[in-house]
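**Student:** Sequence:
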Amino acid sequence: MKLINMIFIVDDDPIHQQIAKIMIERQGICTNIRVFSDAQDVLDHIRQHADKVDELPDLILLDLNMPIMDGWEFLDEYSVFHDQLPKQIRIFVLTSSIDEKDKERVRHYPVVNGYLTKPLSKEIIENLA
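Just so you know, we're using the working numbering here: the sequence shown kicks off at 320 and counts up by one.
Among the clues, some could well be false.
Stated by the list, open to error - Okay, derived cross-link-like pairs now, DMTMM-like style, lysine to aspartate or glutamate, Cα gap no bigger than 25 Å in a straight line: (1) Lys420 - Glu374; (2) Lys441 - Glu392; (3) Lys437 - Asp418; (4) Lys422 - Asp395; (5) Lys371 - Asp395; (6) Lys371 - Asp357; (7) Lys420 - Asp363; (8) Lys420 - Asp389; (9) Lys340 - Asp363; (10) Lys371 - Glu396; (11) Lys406 - Asp373; (12) Lys406 - Glu396; (13) Lys321 - Glu419; (14) Lys406 - Glu374; (15) Lys406 - Glu344; (16) Lys441 - Asp363; (17) Lys437 - Asp360; (18) Lys406 - Glu445; (19) Lys422 - Glu392; (20) Lys340 - Asp360; (21) Lys437 - Asp421; (22) Lys422 - Asp389; (23) Lys406 - Asp370; (24) Lys406 - Asp363; (25) Lys420 - Glu396; (26) Lys437 - Asp332; (27) Lys371 - Asp402.
By construction, these hints were calculated from the structure, which means they are not laboratory data.
Use the sequences and the hints to build the structure in full.
**Tutor:** Now the structure itself:
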């Protein structure tokens, strides 16, 4: 199994944050996991460290429904500048939404690598690596 250097979990629910972090750690695919409650903080981090490849995540697990900046707004802004980054960041939407409209809408974002539903399972995590 390939190890992932850094994963960002972006979710406003501390319980979901903790579950995702523990599940990823148990599978041993990544030890450098950062948790964010606000998608704006992730955008700020990426912009501030755009020239430092080691400070950028390899993978982002993004919740859609959050206050302040939701996952959709994050995807809109990230889509504008992602191709200027020194490495490709894989993004997986991780949501409790099973709404087909959300799944369809996600398909319109080329920067998104997949649509996952909460909670994370061992099988899902293994497929992230």
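**Student:** Could you work out which of the previously given hints the structure breaks and list their numbers from low to high?
**Tutor:** 1, 2, 7, 13 and 16
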